[in-house]
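2 protein chains.
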Amino acid sequence: MTKPVQLSEIESFDHEVDVLVVGHGCAGAAAAIEARRAGASVILLERYSGSGGSSAQSGGELYLGGGTALQKACGFSDDDADNMFAYLSKALGPHADLEKIRLYCDGSVELFEWFRACGVEFVESLYDAPTWMPPTKDGLMWLGENAWPYNEIARPVPRGHRPAATGFGGHAVMAALSATCDSLGAETHTDTKALSLILDGDRVVGVTARKFGNDVSYRAKAVVLTTGGFVDNEQMLADHAPVLLGHGKVSDGGDDGSGIEMGMAIGAQTRRMGFVEAAYTALPAMVCRGMLVNGQGNRFINEDVYPGLFSHAALHQPGPCWVILDEAGFDDVPPADLWGVRPSYAAETLAELEADLGLPPGSLEATVAAYNRHATESGTDPLYHKDAKWIRPLEGPWAAVDPRISFGGGDAKGTGFSGFTLGGLATDLDGQVLSIGGGVVPGLYAAGRASSSMHGEGYISGTSLGDGTFFGRRAGVHAARAVQDAGA
Amino acid sequence: MTKPVQLSEIESFDHEVDVLVVGHGCAGAAAAIEARRAGASVILLERYSGSGGSSAQSGGELYLGGGTALQKACGFSDDDADNMFAYLSKALGPHADLEKIRLYCDGSVELFEWFRACGVEFVESLYDAPTWMPPTKDGLMWLGENAWPYNEIARPVPRGHRPAATGFGGHAVMAALSATCDSLGAETHTDTKALSLILDGDRVVGVTARKFGNDVSYRAKAVVLTTGGFVDNEQMLADHAPVLLGHGKVSDGGDDGSGIEMGMAIGAQTRRMGFVEAAYTALPAMVCRGMLVNGQGNRFINEDVYPGLFSHAALHQPGPCWVILDEAGFDDVPPADLWGVRPSYAAETLAELEADLGLPPGSLEATVAAYNRHATESGTDPLYHKDAKWIRPLEGPWAAVDPRISFGGGDAKGTGFSGFTLGGLATDLDGQVLSIGGGVVPGLYAAGRASSSMHGEGYISGTSLGDGTFFGRRAGVHAARAVQDAGA
Numbered sequence: 001m002t003k004p005v006q007l008s009e010i011e012s013f014d015h016e017v018d019v020l021v022v023g024h025g026c027a028g029a030a031a032a033i034e035a036r037r038a039g040a041s042v043i044l045l046e047r048y049s050g051s052g053g054s055s056a057q058s059g060g061e062l063y064l065g066g067g068t069a070l071q072k073a074c075g076f077s078d079d080d081a082d083n084m085f086a087y088l089s090k091a092l093g094p095h096a097d098l099e100k101i102r103l104y105c106d107g108s109v110e111l112f113e114w115f116r117a118c119g120v121e122f123v124e125s126l127y128d129a130p131t132w133m134p135p136t137k138d139g140l141m142w143l144g145e146n147a148w149p150y151n152e153i154a155r156p157v158p159r160g161h162r163p164a165a166t167g168f169g170g171h172a173v174m175a176a177l178s179a180t181c182d183s184l185g186a187e188t189h190t191d192t193k194a195l196s197l198i199l200d201g202d203r204v205v206g207v208t209a210r211k212f213g214n215d216v217s218y219r220a221k222a223v224v225l226t227t228g229g230f231v232d233n234e235q236m237l238a239d240h241a242p243v244l245l246g247h248g249k250v251s252d253g254g255d256d257g258s259g260i261e262m263g264m265a266i267g268a269q270t271r272r273m274g275f276v277e278a279a280y281t282a283l284p285a286m287v288c289r290g291m292l293v294n295g296q297g298n299r300f301i302n303e304d305v306y307p308g309l310f311s312h313a314a315l316h317q318p319g320p321c322w323v324i325l326d327e328a329g330f331d332d333v334p335p336a337d338l339w340g341v342r343p344s345y346a347a348e349t350l351a352e353l354e355a356d357l358g359l360p361p362g363s364l365e366a367t368v369a370a371y372n373r374h375a376t377e378s379g380t381d382p383l384y385h386k387d388a389k390w391i392r393p394l395e396g397p398w399a400a401v402d403p404r405i406s407f408g409g410g411d412a413k414g415t416g417f418s419g420f421t422l423g424g425l426a427t428d429l430d431g432q433v434l435s436i437g438g439g440v441v442p443g444l445y446a447a448g449r450a451s452s453s454m455h456g457e458g459y460i461s462g463t464s465l466g467d468g469t470f471f472g473r474r475a476g477v478h479a480a481r482a483v484q485d486a487g488a
Numbered sequence: 001m002t003k004p005v006q007l008s009e010i011e012s013f014d015h016e017v018d019v020l021v022v023g024h025g026c027a028g029a030a031a032a033i034e035a036r037r038a039g040a041s042v043i044l045l046e047r048y049s050g051s052g053g054s055s056a057q058s059g060g061e062l063y064l065g066g067g068t069a070l071q072k073a074c075g076f077s078d079d080d081a082d083n084m085f086a087y088l089s090k091a092l093g094p095h096a097d098l099e100k101i102r103l104y105c106d107g108s109v110e111l112f113e114w115f116r117a118c119g120v121e122f123v124e125s126l127y128d129a130p131t132w133m134p135p136t137k138d139g140l141m142w143l144g145e146n147a148w149p150y151n152e153i154a155r156p157v158p159r160g161h162r163p164a165a166t167g168f169g170g171h172a173v174m175a176a177l178s179a180t181c182d183s184l185g186a187e188t189h190t191d192t193k194a195l196s197l198i199l200d201g202d203r204v205v206g207v208t209a210r211k212f213g214n215d216v217s218y219r220a221k222a223v224v225l226t227t228g229g230f231v232d233n234e235q236m237l238a239d240h241a242p243v244l245l246g247h248g249k250v251s252d253g254g255d256d257g258s259g260i261e262m263g264m265a266i267g268a269q270t271r272r273m274g275f276v277e278a279a280y281t282a283l284p285a286m287v288c289r290g291m292l293v294n295g296q297g298n299r300f301i302n303e304d305v306y307p308g309l310f311s312h313a314a315l316h317q318p319g320p321c322w323v324i325l326d327e328a329g330f331d332d333v334p335p336a337d338l339w340g341v342r343p344s345y346a347a348e349t350l351a352e353l354e355a356d357l358g359l360p361p362g363s364l365e366a367t368v369a370a371y372n373r374h375a376t377e378s379g380t381d382p383l384y385h386k387d388a389k390w391i392r393p394l395e396g397p398w399a400a401v402d403p404r405i406s407f408g409g410g411d412a413k414g415t416g417f418s419g420f421t422l423g424g425l426a427t428d429l430d431g432q433v434l435s436i437g438g439g440v441v442p443g444l445y446a447a448g449r450a451s452s453s454m455h456g457e458g459y460i461s462g463t464s465l466g467d468g469t470f471f472g473r474r475a476g477v478h479a480a481r482a483v484q485d486a487g488a
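Chains as they are written, first to last, in full-length UniProt numbering: chain A, 1 to 488; chain B, 1 to 488.
Since the hints were derived computationally from the structure, they do not count as laboratory data.
The hints are all genuine.
In this list, chains with the same sequence are indistinguishable; a pair is considered to hold if it fits within one copy or across any two.
As a list, the in silico DSBU-like pairs of lysine-lysine whose alpha-carbon atoms are at most 35 Å apart:
{"id": "1", "residue 1": "K90", "residue 2": "K249"}
{"id": "2", "residue 1": "K137", "residue 2": "K72"}
{"id": "3", "residue 1": "K413", "residue 2": "K389"}
{"id": "4", "residue 1": "K90", "residue 2": "K413"}
{"id": "5", "residue 1": "K72", "residue 2": "K389"}
{"id": "6", "residue 1": "K3", "residue 2": "K211"}
In isolation and in its complexed conformation, chain A is listed as follows (with noise of 0.2 Å):
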């Protein structure tokens, strides 16, 4: 298992086909769409037994921008590629992959038009309020564009763009992409779990797969490897993203890293495998009208930056975080942006919060002191640049909320983070595997989280989506085209 087996060692193969996708998530099926398009015949290898894969479940966000017609449509006309590049190159950053965002970010208006073309539908309206997820339909989302450092690097425009679907929307876009492979011929054999490499020489020539206990191989002209990530893979975590052992795992529980791993023992270059989205159980429209201070009573970003990056900001804190309000600000959450989350303490001053709360005396007297002078003084917050309307002086009595708990409340209590796997199969702009040593892997691709791709250190939703079919399409349309080439 993993380790590639030689064609020699085929006596004969069970199926044969241009181009074999492994794994029907979205960056599968945008593989699958667009190589079929070209003119190859495609399969698509799913372990379960229906496609979707994590896509199917996650929030359906859409990171997309640079003009789209719903940017228009909602009023947001002074968008643009270069734009979209200079808020995108930062915020995925440090050490984000320039090249492909920049990439991304010209394609962009053409992909929003791909996935309506798909069958996606998004309507035409902003929701505008920090939140991880609107309980709305509204079709367009702030994803931390508004916030400060990146509202003084690029014009604050929103790009989180929506599926028509209340809460979380992966369903609907995987139900359009899923839809749009049957109808162009691509077939999805479910229930079919790839395990190994074929090679011929160095050239990968097929699969070997298990389908209901049986051994099935798949010979092909090209195969293309969508198996997500590997955070359901407990080895490969502590061996390159040990930071997100004993957390939440923000997948379908089939991202096992095998298809990082067929490459890696064939000798592919990997990249960035300690790179991770982690998402921390603190609700944005809280803290941006309080603080999230550490175990030591600090703040350490403005907290209405996206969620996502004060939740990475989070993980590296001394812990446990907590999110501090005052009465008012409490009172100020609208009920719809509460998500069941109650206060864990209160208490009438700061000294019987930390207390509380176990942080060291004078801590958060402290840090809420130097809040107020600059609440009162100026209405800034010159330490870390949180937008002037969320600014007040606050006063007791207090409310401490901790992130471990859940939302919707009750009493279990986590970690408070959950998260998934960035890092991956290295590949070019064209989604082909490099090779250590260099050059390409001949015959196999890479995209989704199975690949590395625009990511860096930092995270926003919708970029997960985005990338996995934008490069996903890259990727079937160029192994269609060496198919192509190589029977001409």
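Place chain B on chain A using the hints.
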């Protein structure tokens, strides 16, 4: 280059040997010594014109304990392997390799005697002050064992063992180990750069190399990769440890990751490729008398911790960081510990200093006020637990030192950080390289910074020469025995 060569492609070999060691630093020397003692013929390949590698250019500290003769001679008779393990497993963490640390601690007294038997000399006295490197020949020093939280986790005992050299002592360690290699009949082939592993099926059976522009081939029954880390390989840094991009490099210039890539090219597992050591140009003797603050004017760690650990914390802070001292603190630093460092800024008030350093108004004032409040009330540091002996209320006039300026002064301003990589090939306890998909790569070993060893996200001086020799020795023994078993 880098990609493996098949045995069938080699017409004839230039050299044949039982155990081929690639890289003559501390790990390679240790492997060669023990393989030779176990009866194997041994050749060491060294890319440069003489042995020593990055080990010879290092400080020469050896992290040893558990009751060494040197510890006892200096009056520390209460250490043992469990106590050493308690410290090291925390200080090298989070995510340290507990199994390797356990073995290392259990073998530490013996490893010290091994160094002495190889001819490394130690002066039986303690240097008892915070420093990166003592200005004396004292053989023992503290490496953070007496700082919070480690002083509560284990009985504080110094374990920094230093060869009898003033300043950098790595050359003294390597001179002894290389002489031992020579005396045992392990040949060193200098100016010989290994390029590729030679494979017979799955088994490693040699390497190809270049010497003065000519191809040269080595047939071996076992290959031990001790080629060092990859801090000198910009592409590998960008792919795997971008946090070090742009910073100084702690190496002899040859840590190009070639051994790691040779392994990856044949499907060897890697581990923790993103983990790094980073040292910051801030003087321990200075920061413990004042404070270390980040770009928001906040402290972030107890300043008397092992300097490698405050360095690592600083690397992840919003920068730039500053050393803040009052006049009394500056005057209290022993002249021998000043290392030519002078204040970058001086000011009568903290408000002036904030303006000079570009810190948010009031930020440093709030930090110092909290520090002084506890210094006055209780003489303690409840936020970060710096030892009480360093705590007193600070008062102006003030000085700030910019760690981006090198020790020794001058005007050149870099990043202040220099480091090396800790990730590499995944190995078992005998140095056998693990294969993607399970099992080991037959005939292949790795040790030193070419492998992932004991380290998690933390680093303590002396653990590289320490684990390089410890696991290098084990690899040499195992390789020699495997050769004998195969020949029997």
